[in-house]
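First to last, the protein sequences are chains A and B. Going by our numbering, the first residue of the first sequence is number 23, and it counts up by one from there. Going by our numbering, the first residue of the second sequence is number 245, and it counts up by one from there.
By construction, these hints were calculated from the structure, which means they are not laboratory data. By construction, the Cβ of each residue, glycine as well, lies at the ideal position given by its N, Cα and C atoms. Any given hint could turn out to be false.
Said to hold, decoys possible - Here are the in silico distance ranges between beta carbons for each label pair:
id: 1; chain 1: A; residue 1: D29; chain 2: B; residue 2: G407; range: 21 to 29 Å
id: 2; chain 1: A; residue 1: R37; chain 2: B; residue 2: L274; range: 19 to 27 Å
id: 3; chain 1: A; residue 1: R53; chain 2: B; residue 2: R382; range: 30 to 38 Å
Said to hold, decoys possible - A partial selection of chain A residues facing chain B, derived with a Cβ cut-off under 8 Å:
id: 4; residue: E27
id: 5; residue: L28
id: 6; residue: V31
id: 7; residue: F32
id: 8; residue: R37
id: 9; residue: A40
id: 10; residue: P41
id: 11; residue: E42
id: 12; residue: L44
id: 13; residue: R47
id: 14; residue: V48
id: 15; residue: A52
id: 16; residue: M55
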Amino acid sequence: MSADELDDVFAAGRRASAPEALMVRVEADARAMQPVRAARSGAGQGGGPSWLGLLLAAIGGWRGASGLSAAMIAGFWIGFADPGGALAALQGEPVDLLPGSGEFLAGLEEG
Amino acid sequence: MGRRDHAQAPDADARLLAAYAAGDPMAPRLLNERFTPLAYRLAMRLLGNGADAEDVAQEAMIRLFRMAPGWRSGTAQVASWFYRVVVNLCTDRLRRRPAAPIEMAQDVPDGGPGAEARLTDAARVAALDRGLAALPERQRLAVVLRHIEGLSNPEIAVIMDVGTEAVESLVARGKAALKAALMPERAALGYEEG
Numbered sequence: 023m024s025a026d027e028l029d030d031v032f033a034a035g036r037r038a039s040a041p042e043a044l045m046v047r048v049e050a051d052a053r054a055m056q057p058v059r060a061a062r063s064g065a066g067q068g069g070g071p072s073w074l075g076l077l078l079a080a081i082g083g084w085r086g087a088s089g090l091s092a093a094m095i096a097g098f099w100i101g102f103a104d105p106g107g108a109l110a111a112l113q114g115e116p117v118d119l120l121p122g123s124g125e126f127l128a129g130l131e132e133g
Numbered sequence: 245m246g247r248r249d250h251a252q253a254p255d256a257d258a259r260l261l262a263a264y265a266a267g268d269p270m271a272p273r274l275l276n277e278r279f280t281p282l283a284y285r286l287a288m289r290l291l292g293n294g295a296d297a298e299d300v301a302q303e304a305m306i307r308l309f310r311m312a313p314g315w316r317s318g319t320a321q322v323a324s325w326f327y328r329v330v331v332n333l334c335t336d337r338l339r340r341r342p343a344a345p346i347e348m349a350q351d352v353p354d355g356g357p358g359a360e361a362r363l364t365d366a367a368r369v370a371a372l373d374r375g376l377a378a379l380p381e382r383q384r385l386a387v388v389l390r391h392i393e394g395l396s397n398p399e400i401a402v403i404m405d406v407g408t409e410a411v412e413s414l415v416a417r418g419k420a421a422l423k424a425a426l427m428p429e430r431a432a433l434g435y436e437e438g
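Bound conformation, chain A alone (with noise of 0.2 Å):
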C-alpha cells in the first residue's frame, strides 16, 4: 500500500462524523450544565464574557449572589477585578473602587 493510499484511508477516519442523537444530548447536558448567565453582564460585547459574568459564574450565578450581604459582594469584586488600581488608592489618588456596581447592587435586590 502506497504513503498516498494511506493518507487516504486517514483521511476517510477524519471525515467520520458524530451522530446527530449524540449532538442532541451533549448540547442538552451543556445547557443543564451551564452556569446562570448574569442579567446585565455585557457577556458577548468586545468578543469575551464581562467580569461580572465570570464573578457571578464563581459565585454561582444570581442564586449564589443574592445569599451574600452588598458588603460581601464589594469584597468579592475589589479582590476579583481590582478596578481602578488598589494600588492608586494607597498613594493617595482617589479611585472608583466600584465602577459600575450601582447597576450590579441594584441587580442583586432584584434577584
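Start from chain A and add chain B according to the hints.
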C-alpha cells in the same frame, strides 16, 4: 478538523470555555460543535465500537462542562487536556472488558449521488478500525493522534506523557504495522492492483 484546526484553537478554546462559564447562551452549541466530534472520532478509532464511542464522548463533554468555571488560561491548552480525558476514558473502558467487534463506522444510505463514494469511505474506515485494533494500544493512540487528529509530535508527547522521540518511534512502528495490515484489502478498498 486536523492540524490547522487544532493549532488555531488554543486562545479561542480558552475564551469559549470562559464564555460558557459566564453563561453565554451561544457557548453550549459552540463547545459541542468544537469538541464532541473530536471526542467521538478519537474514541471510535480507539474502541472500534459506536455505542462505546458515544458513551465516552458524552462523558468527556460532561467533564469539560464541569471543569469550565475553574479553567485558568495559560496553565495548559484546553484541547490537550480534553484529548487526555478522552484517552483515559477509552483506556479505562478497554481495561474493563474485551473489545467489542469492529463495526462499520457510519450508516451509508442506499442509492443517490455519492453513494458509491460513501460506501468506499465506510469500507475504508472499517478497514482502518480493524487495522488499528490489531496494533498495541500505545502505537494505535500515537498513529490516531498523528494521522487522524493531525497533532504534532510534541503535542502528542504531552497527551501521552512521554518524550517526543518515543512518539516518533510509536508513530513509525504503528504506521508500518497498519500499512501491512491493510495491504490484503487494497482491492476491496478501491485501489487498483499494481
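Against the structure, the hints come out as follows:
no. : hint                       : verdict
1   : A/D29 - B/G407: 21 to 29 Å : 26 Å, holds
2   : A/R37 - B/L274: 19 to 27 Å : 21 Å, holds
3   : A/R53 - B/R382: 30 to 38 Å : 37 Å, holds
4   : E27                        : 5 Å, holds
5   : L28                        : 6 Å, holds
6   : V31                        : 5 Å, holds
7   : F32                        : 5 Å, holds
8   : R37                        : 6 Å, holds
9   : A40                        : 4 Å, holds
10  : P41                        : 7 Å, holds
11  : E42                        : 11 Å, violated
12  : L44                        : 5 Å, holds
13  : R47                        : 6 Å, holds
14  : V48                        : 5 Å, holds
15  : A52                        : 3 Å, holds
16  : M55                        : 4 Å, holds
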